[in-house]
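Here is how the chains run, residue by residue.
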Amino acid sequence: MNARVLKTLFLLLVRDAGRRKLPLAIAILAAGLGGALVLSTIAAGARARSAFNAAGAGFDAVLAARSSPLQCVLSGIFHLEPFIANLPWDFYVRMADDPRIEVAIPIAGGDSYEGIPILGTDAALFEVAGEPERWRLSRNSRLFDPLRREAVIGSVAAAETGLNLGDHFHPAHGPEEGGEEHDDEYLVVGVMEPTGSPADRVIWIPLEGVLRMSGHMLQSPDGAYAPDPDEEIPDDMMQVSAVLLRVRDTSSGFSLDQEWNRDGRDATFAWPVTRLVASVVQRLGWVEAVLRALSWFTVLAGFGFLFAIVHHSLRERRGELATLRTVGAPRSVVISIPFLEGAVFGALAGLVAYALHHVILVIVARYVRSETGLDLSGGGFDPTYVTVAALFPLCGGLIGLLAGLGAYRWQPTELLRRSG
Amino acid sequence: MTPQSDSPLLLMEEISKVYRVGQEEVYALRSVSLAIGRNEYVAIMGPSGSGKSTMMNLIGCLDTPSSGRYLLAGRAVQELDEDELAAIRNREIGFVFQTFNLLPRSTAAGNVELPLIYRGLPAAERKRRVAGAIARVGLSDRATHRPNQLSGGQRQRVAIARALVTEPSLILADEPTGNLDTATGEEILRAFAEIHRGGNTVVLVTHEEDVARHAQRIIRLRDGRVESDSAV
Numbered sequence: 001m002n003a004r005v006l007k008t009l010f011l012l013l014v015r016d017a018g019r020r021k022l023p024l025a026i027a028i029l030a031a032g033l034g035g036a037l038v039l040s041t042i043a044a045g046a047r048a049r050s051a052f053n054a055a056g057a058g059f060d061a062v063l064a065a066r067s068s069p070l071q072c073v074l075s076g077i078f079h080l081e082p083f084i085a086n087l088p089w090d091f092y093v094r095m096a097d098d099p100r101i102e103v104a105i106p107i108a109g110g111d112s113y114e115g116i117p118i119l120g121t122d123a124a125l126f127e128v129a130g131e132p133e134r135w136r137l138s139r140n141s142r143l144f145d146p147l148r149r150e151a152v153i154g155s156v157a158a159a160e161t162g163l164n165l166g167d168h169f170h171p172a173h174g175p176e177e178g179g180e181e182h183d184d185e186y187l188v189v190g191v192m193e194p195t196g197s198p199a200d201r202v203i204w205i206p207l208e209g210v211l212r213m214s215g216h217m218l219q220s221p222d223g224a225y226a227p228d229p230d231e232e233i234p235d236d237m238m239q240v241s242a243v244l245l246r247v248r249d250t251s252s253g254f255s256l257d258q259e260w261n262r263d264g265r266d267a268t269f270a271w272p273v274t275r276l277v278a279s280v281v282q283r284l285g286w287v288e289a290v291l292r293a294l295s296w297f298t299v300l301a302g303f304g305f306l307f308a309i310v311h312h313s314l315r316e317r318r319g320e321l322a323t324l325r326t327v328g329a330p331r332s333v334v335i336s337i338p339f340l341e342g343a344v345f346g347a348l349a350g351l352v353a354y355a356l357h358h359v360i361l362v363i364v365a366r367y368v369r370s371e372t373g374l375d376l377s378g379g380g381f382d383p384t385y386v387t388v389a390a391l392f393p394l395c396g397g398l399i400g401l402l403a404g405l406g407a408y409r410w411q412p413t414e415l416l417r418r419s420g
Numbered sequence: 001m002t003p004q005s006d007s008p009l010l011l012m013e014e015i016s017k018v019y020r021v022g023q024e025e026v027y028a029l030r031s032v033s034l035a036i037g038r039n040e041y042v043a044i045m046g047p048s049g050s051g052k053s054t055m056m057n058l059i060g061c062l063d064t065p066s067s068g069r070y071l072l073a074g075r076a077v078q079e080l081d082e083d084e085l086a087a088i089r090n091r092e093i094g095f096v097f098q099t100f101n102l103l104p105r106s107t108a109a110g111n112v113e114l115p116l117i118y119r120g121l122p123a124a125e126r127k128r129r130v131a132g133a134i135a136r137v138g139l140s141d142r143a144t145h146r147p148n149q150l151s152g153g154q155r156q157r158v159a160i161a162r163a164l165v166t167e168p169s170l171i172l173a174d175e176p177t178g179n180l181d182t183a184t185g186e187e188i189l190r191a192f193a194e195i196h197r198g199g200n201t202v203v204l205v206t207h208e209e210d211v212a213r214h215a216q217r218i219i220r221l222r223d224g225r226v227e228s229d230s231a232v
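Here the protein sequences come in this chain order: B and H. So the first sequence is numbered by this note's numbering: it starts at 1 and just counts up by one. So the second sequence is numbered by this note's numbering: it starts at 1 and just counts up by one.
Just so you know, nobody snuck in bad clues.
Examples of chain H residues toward chain B, derived with CB under 8 Å:
| no. | residue |
| --- | --- |
| 1 | Gly60 |
| 2 | Leu62 |
| 3 | Glu82 |
| 4 | Asp83 |
| 5 | Leu103 |
Ranges between beta-carbon positions, derived for each pair:
| no. | chain 1 | residue 1 | chain 2 | residue 2 | range |
| --- | --- | --- | --- | --- | --- |
| 6 | H | Ser33 | B | Lys21 | 50 to 60 Å |
| 7 | H | Arg75 | B | Asp382 | 54 to 64 Å |
| 8 | H | Gly152 | B | Leu405 | 31 to 41 Å |
| 9 | B | Ala389 | H | Arg197 | 54 to 64 Å |
Which chain H residues stay away from chain B? Per the calculated CB distances, all over 12 Å, these:
| no. | residue |
| --- | --- |
| 10 | Glu14 |
| 11 | Ser66 |
| 12 | Ala135 |
| 13 | Glu208 |
| 14 | Asp210 |
| 15 | Arg222 |
Simulated from the structure, these hints should not be mistaken for lab results. Note that this is a predicted model, so its numbers are computed, not measured. All residues carry an ideal CB built from backbone N, CA and C; glycine is no exception.
Chain H extracted, bound-state conformation (with noise of 0.2 Å):
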C-alpha cells in the first residue's frame, strides 16, 4: 500500500467479496486493503479471474463488499443502499469503459448531459456543463453528432467527456483502450493524462502493460489478492 496524500480519496480495509455458487462460496477478493490519493493516477492490473472486475465493480459502488471496510471521499461504501450508491456513482465517479457505452439514439451531447440530468441541475447549468466537458475531450463541433457518425476514438472521448461532467473525484476508465487502434488508443491515453494533470483522480483497470506504464503507479492483483502495488 502506498498512498500519496493524508486522507485517501479511496480507502479500502480487508476488503472481501464472496459469491455463492451453489453450496460453493468462491472469493472474488481476498482481505485486499489499500488507499488512492487524490490527484493520483492509477493502473489496476491482472489476469482474468484475479478479481479486476470486482474490484472495479467495488471500486465504482456497483456492488458492495461482502466485509471490510470500503470509504470513498470519506463515505462508508458498504453501508449504503442502492439509492445512496446510485447518487455516489452520480457525483462521486465517472465511468469509462471499453465499449463506450453510449446510448445509441442520443447524440454526444445528449449522452454527456445524461448524468446532470440525474443530479437534478436545472438546464442552463448542464447546457454550460456539456459544453465544457465536451470542449475538454475536443468534440465541440461533434456534439450534435449521434454515436454512429463518430469514430472510436471520438465515441471513447465523448463517453469521457461524460465521465468528467459531472466533475467527479474519480475517473474509472476498465480497458479503455480496448476496442481502438494503438494510435487512437495512444491519444486517449494522452486524453487521461490530461485529465490528470488538471487534478482529476484516473484509476485505469487494464491487462495491457503498456497501458499501465500511462499511470503513475500499478497495482497487481492476483487470485483476488494483492500481488503489488508499486510506483511506475
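Pulled out of the complex, with its shape left as it was, chain B reads as follows (with noise of 0.2 Å):
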C-alpha cells in the first residue's frame, strides 16, 4: 500500500468521522473512560502500597495501650484513629533503654486544631524520622524550644490551616474540629518541607506540651493531677500516647513481640509496621478488584458502542466501498478502512485514557494527601501504560476489521444499483 493510498483513506476516515462527531466522541470517551479508571485503579493502588509502606517514616513498630496492633499503627504512624488510652512514662524509658531498641520516641495526642493532629514529642524526632530522606524545615525554620509554647507544623496542615511562621494558635480539645480551645496559645516556629508521609497532616509541639496543656489532668494511681507551670513533672506522672520505635534487627522484634504481645498485657508492641500495612492493603485487595473489573467492563462497553459506530458508519458507505472494488481496490485496502478507523478511534481511546487517568489521580491524590497526608503524586513508570497504549488502538484495529471483514462479502454491483 503506497502513501497515496494511505492518504486517500486518512481523508476517507477524516471526512466520515466529522459526519458523525458525537456518536463518536461519546464512544471514544466511554473507552477512555474505561481505560482511565483501570489505568488509575492500579496506579493509585501501586502509589498508595508504596506510599503507606513508607508512611512509618523509618519506624518499623509502635507500643501503645492494648488494642490490636493495627490500632496501634492507624493511631501511631498514621494518626488516623484518636489513641485509646496512654501509657505510663516508664515504658517509654524501658523502650529507651532496651538494646533491642535503636530508636524510641515519645508521642502524645489528644489535641487538634482545625480537625489537624496535634502531637507532643521530643525534638529528637526530627533527628532521626524519614525514610530515605530525613525530615527538613522550611527556610526560616526552626525546632520548637522544648520549654516554650512553641510548634512545627507539617506542610499539609500548613496547606490546610493557613498557619505560617510567627502564627499563634489555640489548640482545642479532642481529635474532632469543633473541640474546646485550650487557653494555651502557641507559636509556630517552623514549617516542616513535604515528606510525603503522614506527617505532614501533624502540627508538632513538646511533649510536655500536651502534658501541660490547660484543662489536661494526668492520671496517676493517686488521682487525677495538673501540674503547676513551674514545677517540674514527676517521672511516675509521666504519660506517653504511643512510643515509635525502630527495632535493633528482626530477632529483637520477635523477642519484644513475645515479651509485650504474648507474656505481657500491659501495652501492644505492634510489629512490623510494614506488614501490618501490607494486611490492610491485602484485606482490601478484592475491592481494587471489583473496581478493575468494573473499569474494564467500561472499556468493553465502549469498544462495542465503538464497533456499532464502525459497523454502521460501513453499512452508509457501502457504496463507496463497492465503488472502490470496481475501481481495482484490493481487499486489503477495502479492509484497511474500517481497521485504520477502529485503531485510530482505539488510539484515541486511549489518549482519552491516559490523559484522563492523571486527572482522576490528581484529584485522588490530593483528597487523599489532606486526609492523611499521604503522597499519592509520584509513582513512576507503569507497564500497564505500555499494555494500554498497545491494547486500545489494537482492539480499535480488531473491531474495525471485524466490521470490515463483515462489508467485504457484501456484493459491490447490487450495491451500486441501490446507492447513489
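Hey, can you piece these two chains together into the complex? The hints should help.
This is how it looks when you write it as C-alpha cells:
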C-alpha cells in the first residue's frame, strides 16, 4: 500500500468521522473513561501501597495502649485514629533503655487544631524520622524549644489551616474539629518540607506541652493531677500516648513481640509496621479487583459502542466501498479502511484514558493527601501504560477489521445499483 | 455466438453460476458461452431475473463462475484470487453505473484519479491522465467540483472519465442512462459511441430497447441462458 493510498484512506476516515462527531466522541470518551479508571485503579493502588509502606518514616514498630496492632499503627503512624489510652512514662523509658531498640520516640496526642492532630513529641524525632530522606524544615524555620509553647507544622497542616511562621493558635480539645479551645497559645516556629507521609498532616509541639496543656489532667494511681507551670512533672506522673520505635533487628522484634504481646498484657507492641499495613492493603485487595473489573467492563462497553459506530458507518458507505472495489482497490485496502478507523479511534480512546487517568490521580492524590498526608502524586513508569497503549488501538483495529470483513461480503454491483 | 475477431477480448465457455439458497441450488446462469471481440459495442439485455446482474458481475470480475471457463484479455478469471481480480478490474475494466457512484466528498478530478491511485502511478502521470480523461468527456472546467455541484449528466460523464482513465480493455456500463432524462441519456450514449469509435470495447447492460439499439450487437438473456445474440 503506497503513501497515496494511505493518504486517501486517511482522508476518507477524517471526512467520515466529521459526519458522526457526537456518537464517536461519546464512544471514544466511554472507552477512554473505562481505560482511565483501569489505569487509575492500578496506579493509585500501586502508589498507595508504596506510600503506605513509606509512611512509617523509618519507624518499624509502635508501642501503645492495649488494643489491636492495627489500631496502634493507625493512631501512632497514620494519626487517623485517636489513641484509646495513655501509657506510663516508664514504658517509654524501658523501651529507650532496651538494647533491642535502636530508636524510641515518645508521642502524646489528644488535641487538634481545625481537625489537624496535635502531637507532643521530643525534638529528637526530627533527627531520626524520615526514610529514605530525613524530614527537613523549610527556610527560616527552626525546631520548637521543648520548654516553650512553640510548634512545628507539617506542610499539609500548614496548607489546610493557613498557619505560617510567626502565627499563633490555640489547640482545641479532642481529635475532632470544633473541640473546646485551650487557653494555651502556641507560636509556629517551623514549617516542615513535604515528606509525603502522615507527618505532613500533624502539628508537632513539645511533649510537655501536651502534658501541661490547660484542662489536661494526668492520671496517676493517686488520682488526677494537673502540674503547676513552674513545677517539674515527676516521672511517675508523665504519660505518653505511644512510642515510635526502630527495632535493632528481626530477632529483637520477635523477642519484643513475645514479651509484650504474648507474655505481657500492659501494652501492644505493633511490629512490623510494613506487614501490618500490607495486611490491610491485602484485605482491601478485592475492592481494587472489583473496581478494575468494573473499569474493564466500561472499556468493553465503549468498544462495543465503537464497533456499532464503525459498522453503521460502513453500512452507510457501502456504495463507497463497492466503488473502491470496482476501481480495483484490493481487499487489503477495502478492509484497511475500517481497520484504520477502529485503530485511530482506539488510539484516541487510549489517549483519553491516559489524560483522564492523570486527572483522576491528581484528584485522588489531593484528597488522600488532605485526609492522610500521604503523597500519591509520584509514581514511576507502570507496565500497564504499555499494555493500554498497545491494547486500545489494537482492539480498535480488531473491531474495525471485524466490521470490514463483514462489509467485504457485500456484493458490490448490488450495492452500486442501490446507492447513488 | 458472433465473435468479430480471431482473438476475443472476452471469452466465456459453458459458464454457470449457482447460488445456494438454503438447501436449494438456484442457477443464475446456465452454460453460457459467448465471445466479445476488441472494439465491439455490445448490449446485454434481459428481463428481471434473466441473469443480467450475474453476467455483469462475472464480466466485471466482481465474482467468479461456479463452472466453465472465462478468459478476459487472455487471463483465466476463474483461477484468480481476490487481489488478482482487483488488479484485473483496475487494469482491464472501466465501470459505469446507473447511480454514478462517485465519492461524494471528493472532487471530480479526485474521483477520476481513484483507480490510478490503486495502480500506484506517480503523481505527475496521474495528473496528466486525469486531465486527459476529464477533457475527453468535456468537463475540464468542472474538475474541481464535487459531485453535488454537478448535474446528473455531468456526474455520469465524471464516472465515464473514471472508467476511461486507466485505458481499460473494456468499458462495462450498467444501465448508464437509467437515472437521466432522455436528452441527457442521449448525450451519454453519444459519449459511449465516441468512446467506441476511439477504439474501446463497450459492454452495455440495459433493459431498454432504445438504449440497446445504440450498440452494434445485442445479446438477450432469459432464465440464465443466452436467448439470442445478433447484430443490430
